[in-house]
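Chemist: Sequence:
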Amino acid sequence: GGCYLAVSDATMAEDGSASLIDVMAISADGAYRNLYRLRSPSACYSLSFCHRSTTHLWSSQTDGLVVVYNLPTSATTMCQDTPGRIFRSMSTSRTLFVSTCENYFRVFRVPQPDQTT
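Quick note on numbering: the sequence shown equals residues -11 to 105 in our numbering.
By construction, these hints were calculated from the structure, which means they are not laboratory data. The reader is advised that the hints may include incorrect statements.
Now the in silico label distances, taken between C-beta atoms and shown as ranges [claimed, not checked]:
1) TYR24 <-> GLU90: 31 to 39 Å
2) ASP17 <-> THR61: 29 to 37 Å
3) GLY52 <-> ALA16: 31 to 39 Å
4) ARG97 <-> GLY(-10): 29 to 37 Å
5) THR65 <-> GLY(-10): 26 to 34 Å
6) ALA63 <-> PHE96: 16 to 24 Å
7) HIS39 <-> ALA13: 30 to 38 Å
8) PHE75 <-> LEU(-7): 17 to 25 Å
9) GLY(-11) <-> GLY52: 34 to 42 Å
10) THR64 <-> VAL86: 19 to 27 Å
11) ARG94 <-> ILE14: 32 to 40 Å
Note that the structure is predicted; figures quoted are calculated from it, not measured. For glycine and all other residues, C-beta sits at the position ideal for the given N, C-alpha and C.
Using the sequences and the accompanying hints, generate a full structural model.
Modeler: Here it is in structure tokens:
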């Protein structure tokens, strides 16, 4: 048995470049290995694997950007939401996400990667 873990430094690097996201496989005996290293387009404050998936990860950025990563293919999709640290959640189908802000919520369609490239 084991699990996957995604971690990122929540702050931007000193040179202004975005922080990295590391995805690791951790075994029951505590051994781990780095599977993926992703460059975050901006400062990331939340990382989650999509529902029942070890191949799709999504992140919330402090500037409002939401990024969905397809790890095996390196494909990403992005959409813009309200900047700040607000609550967001992805649907189990990876087609919708919801965000809450003050006294309302919004539902967005997640852009699908271009299948022609």
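Chemist: Now look at each hint and say whether the structure bears it out.
Modeler: Do the hints match the structure? See the list:
1. TYR24 <-> GLU90: 31 to 39 Å: holds (35 Å)
2. ASP17 <-> THR61: 29 to 37 Å: Distance hint for ASP17, THR61 holds at roughly 30 Å.
3. GLY52 <-> ALA16: 31 to 39 Å: holds (38 Å)
4. ARG97 <-> GLY(-10): 29 to 37 Å: This hint holds: roughly 34 Å between Cβ atoms.
5. THR65 <-> GLY(-10): 26 to 34 Å: holds (28 Å)
6. ALA63 <-> PHE96: 16 to 24 Å: holds (18 Å)
7. HIS39 <-> ALA13: 30 to 38 Å: This hint is violated: roughly 19 Å between Cβ atoms.
8. PHE75 <-> LEU(-7): 17 to 25 Å: holds (22 Å)
9. GLY(-11) <-> GLY52: 34 to 42 Å: At roughly 37 Å between Cβ atoms, GLY52 and GLY(-11) fall inside 34 to 42 Å, so the hint holds.
10. THR64 <-> VAL86: 19 to 27 Å: Since the Cβ atoms of THR64 and VAL86 sit about 20 Å apart, the hinted range of 19 to 27 Å holds.
11. ARG94 <-> ILE14: 32 to 40 Å: holds (35 Å)
Consistency with the previously given hints fails for number 7 only.
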